[in-house]
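Novice: Protein chains in written order, with this note's numbering: chain A, 189 to 385; chain B, 1027 to 1366.
One or more of the hints may lead you astray.
Stated by the list, open to error - Examples of chain B residues lying across from chain A (beta carbon under 7 Å, computed):
(1) V1146
(2) H1153
(3) L1166
(4) Y1167
(5) V1171
(6) G1177
(7) E1178
(8) L1179
(9) L1182
As the list claims (entries may be wrong) - What the simulated footprint calls covered on chain A by chain B, stretch by stretch (three residues with Cβ under 8 Å from a Cβ of chain B suffice, anywhere in the stretch; the number is not a length):
(10) 275-285
(11) 340-350
(12) 374-381
Quick caveat, the hints were computed from the structure, so don't treat them as lab data. Positions of the beta carbon are idealized from the N, C-alpha and C atoms, including for glycine.
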Amino acid sequence: MREEGRLAMHGLINRSIQCFLRDTYGAALWTRVAAATDVSAEGFETMLTYAEALTDRVIDVAARELDRPREALLEDLGTYLASLEPLRRLLRFGGVDYIDFLHSLDELTERAHLAVPELDLPDIRLIPVGPDRYRLACAGRRGYGAVFAGILRAMADDYGALALIDAEEGAEAVGIELLQSRFAEGRRFDLALGSGR
Amino acid sequence: MMDGPPRPAPAAIPLDGLARLLPMHAVLSESGHVRAAGPTLRRICGDIDLVGRRFLDLFEVTRPRPAQSLSDLFAISDRKIMVRFRADPARQLRGHLVCLGPGEGAIVNLSFGISAAEAVRDHGLSHADFAPTDLTVELLYLTEVKAAVMGELKSLNQRLQSARRTAEAQALTDPLTGLSNRRAFDLALDRAVAGVARGATFSVLHLDLDRFKQVNDALGHGAGDVVLTEVARILRAQLRQNDVVARVGGDEFMAILTGATEIDTLAGISGRIIAALEQPIDYDGATCRISGSIGIARSVSYDRPDPRRLIEDADAALYHSKHMGRGRTTIDRPDRDAAA
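Only chain B is shown next, with the shape it has when bound in the complex (with noise of 0.2 Å):
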């Protein structure tokens, strides 16, 4: 007599029920053949009749170790085991197998892993293709919303980045004739100085219009803001593209000749931008005659070039031009040496 009551008895699940359950699953028999296979299995190996086909002979076990025999296959029950189908298409599959019992053989349980959306993509898998429980969908999912967060984040960074961009050009630019402004010129000479040091040199040119208050007063602001335009355009002309020209006042122009040291160069520079400057200007009928005069200071009259020193230097230059009567370049402040 046994106590308590009677043991029921194991629940046995018909093969249908399984394939439901486990949409990607194989029943093996002890002798490791194909009993039964679930439906989204059957279709993603082309639809071939899997039943009564060796298991080895369909996949090749490669995770966590080669099973090359039946004794090889059940030995890696309960782990997780990674699986290659042998003919087209090849796919590889993440993989539990679980061992029934003596003289029962197995189930195996595949799924795609974290590649499903290749494979959904290749075999037109939907959401009926997988058990309810499967988490592969939401893998799905959360791709897709990814890839679409990431496009917003990004497009995001490129509005702010070319924002950040136009506030920077905007910060350093004279907005009337799209020189340079004090700022920016500044750190510009603070690099000229700092290159010095790798052997470069430079000269800090200063100019300052003659004649442009009347142009203004007679004519108008409109008349001054284009005569100021001009003049930007012919101090681009005459200056190289790597040279830095700004607009520091006014009427007051500043630039960073690199390279140009030779006083015949620089009187020769300088000569072509105030004939130009002197060229009439056209403003609504009526004609502006300006000139400019023009200080030089150059990096390699000092030792040890300072910027605020250069700047004074040109600037006494420059009032020295005027001095001397307007429409003229002086080269190095006069009480240091010869003028031009």
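This is chain A alone, in the form it adopts within the complex (with noise of 0.2 Å):
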């Protein structure tokens, strides 16, 4: 059953891949991948759902296309993510600082399914390894782990934590080891919207 879910990617996931793609690389290397991949121009659409396969080859493309290694590239797509607004609030909602920021990652599959029930994300556990040292296994698709390497380390500067991160090998799990939880002033968050003042 698990299996046959897996076939599909969600187009949230998909858009998000794209807007990287533009944002970082310009729309010229968007519009190269789109072609080499037969996406239309336009893109993908966020709530409508696409082949699972469609994705690794977008990733596969651009990665060659910009003559940087698959691991290296989906990194930087995770402190993508975490640099968006919206995304970034929605991460920080899981915790009132890093460590517990870093235990509601546990929660994050379900979390985003309150949001899109059909978005599967993969499982996600936190495992401490010994003092201030986790590894955050992402089990299912290679690359998950990349990506999150990026946006835990985006995630501590927006704390103000202090954390070594790193993409295992197979990128399938992330190490963390906590230096400081509190090195610098974190980001303002406000749990509600326009609370700015």
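Put the complex together from the two separate chains, hints included.
Specialist: As structure tokens, this is what we get:
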């Protein structure tokens, strides 16, 4: 059953990749990637689903066009995602501080389902492996580890925490070493929009 | 002697522990005075000192029924209650009051209910102001995520709608001239015929260009396209805006002239069209000279107009114009009535 669901990739994810490529490397690159992968020029619709293999092809073609390793590109994707204000806010809802946020990642898949029932994220588990050391396991799909490494690094900055974050070989897990949970003043986060007083 | 283990004394919760557990609670004495209040409740009441004040002086109880007296208040124990803070910032809160026992007073726990976002914004509350079991933060998350998803769906709908409009326009338009196509003309004619029952009148004009083939043969398709575009411009200029003008074949055009059925009016319109068509058209230094023949069928010539009949009769009138030497107009089929 589960495998069947994995054949479809939600448009939200594909659209994020498209926006990342376009915003970071320019419209011309996106046009080349779209042409090489038979994606229409307008690109993906956020509320439709696509074949999963297409997503891999888009990433592979983009990595080749940019002459960058696939994992590095995916880490940048993660950083980009966490920089988008609506997404940053949704991630910050996870917890008061960075540790709280890390623990909230266990609930991320369920949270995503609350938002969009069809949106299947990988099963994510935060596993403590020592004092201030964690391992975030992203089961199921290659590449998610790299994306999460980018997200976790950006969110550490956001919370003002100092942490060493590295995608593991194969990019299905991330190693986290928290050096200081309150290293700097984090970015402001108001629970309700419009309270920026 | 008592059997079994001694009964443990009831657990006494220290007030500061209660404050951490229920940040929006108030402990009331038997006399209805506030003995202690949680930090978030104090915060949303503008940090005034709540302790020692009468609960009913601070809060107005509105539901399930107004509570005027202490006995009214304690009587709505174990129910959902609605209260309003009397001073600024006035805010409706949802509450739950539990009497502790004879002579022990009561505990009231309050929450924002579903208007949480406004309260959180007004008081700048954060995660730390809510107990970890409180789902208020999740409610805010859902509100925000729902707005984002609705926004996406809305923009998808707008894109689909505009794509549909474009597709519809393309399906009814001749791409070269921008005039209606045959399909659009047939639909418009059906509508016009249906309008006859309500007293509407109209005429069907059929125009076939003369010497268009020569222009095409001598100067090529580019010249032909320029000529056709010019013809479209002339028809639009000579006909009214709500008249339907269509290109129905290579060099054939049809129009529905609403409200125009007088022979003189029609002869005037078609005379002006033919005169304009006979003006030389410039193409790449060469001059294209064409003309046109017109046949017209009028809805008023029939007791019960029928679309196919109107088209056939306009075509027969056109054929008559051609036969009579081109550059002419025939109104009504010749075996029917006069020719102009």
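Novice: Should the interface hint for L1182 (chain B) be scored as holding, given a Cβ-Cβ cut-off of 7 Å against chain A?
Specialist: 5 Å, holds
Novice: Against chain A, is V1171 (chain B) within 7 Å by beta-carbon distance?
Specialist: 4 Å, holds
Novice: Was the hint right that E1178 (chain B) lines chain A, CB cutoff 7 Å?
Specialist: At about 5 Å, which falls below the 7 Å cut-off, the nearest Cβ of chain A leaves the hint on E1178 (chain B) intact, so it holds.
Novice: Does the interface hint hold: is L1179 (chain B) within less than 7 Å of chain A, judged Cβ to Cβ?
Specialist: 6 Å, holds
Novice: So, L1166 (chain B) near chain A? Judge it on the closest CB pair being under 7 Å.
Specialist: 5 Å, holds
Novice: Against chain B, does the region 340-350 of chain A show at least 3 residues with beta-carbon separation below 8 Å?
Specialist: violated (count 0)
Novice: Does H1153 (chain B) hold up as a contact with chain A if the rule is Cβ-Cβ below 7 Å?
Specialist: 4 Å, holds
Novice: Between the region 374-381 of chain A and chain B, are there enough contacts, at least three residues with CB-CB distance under 8 Å, for the coverage claim to hold?
Specialist: holds (count 5)
Novice: Grab the minimum C-beta distance from V1146 (chain B) to chain A and call the hint holds if it beats 7 Å, violated otherwise.
Specialist: 4 Å, holds
Novice: Holds or violated: is there a CB of chain A closer than 7 Å to the CB of Y1167 (chain B)?
Specialist: 4 Å, holds
Novice: Would the hint on G1177 (chain B) be counted as holding, given a Cβ-Cβ threshold of 7 Å to chain A?
Specialist: 9 Å, violated
Novice: Are there at least three residues in the region 275-285 of chain A whose beta carbon sits under 8 Å from a beta carbon of chain B?
Specialist: With 5 residues close enough to chain B, the hint holds.
Comparing the model with each numbered hint stated earlier shows that hints 6 and 11 do not hold.
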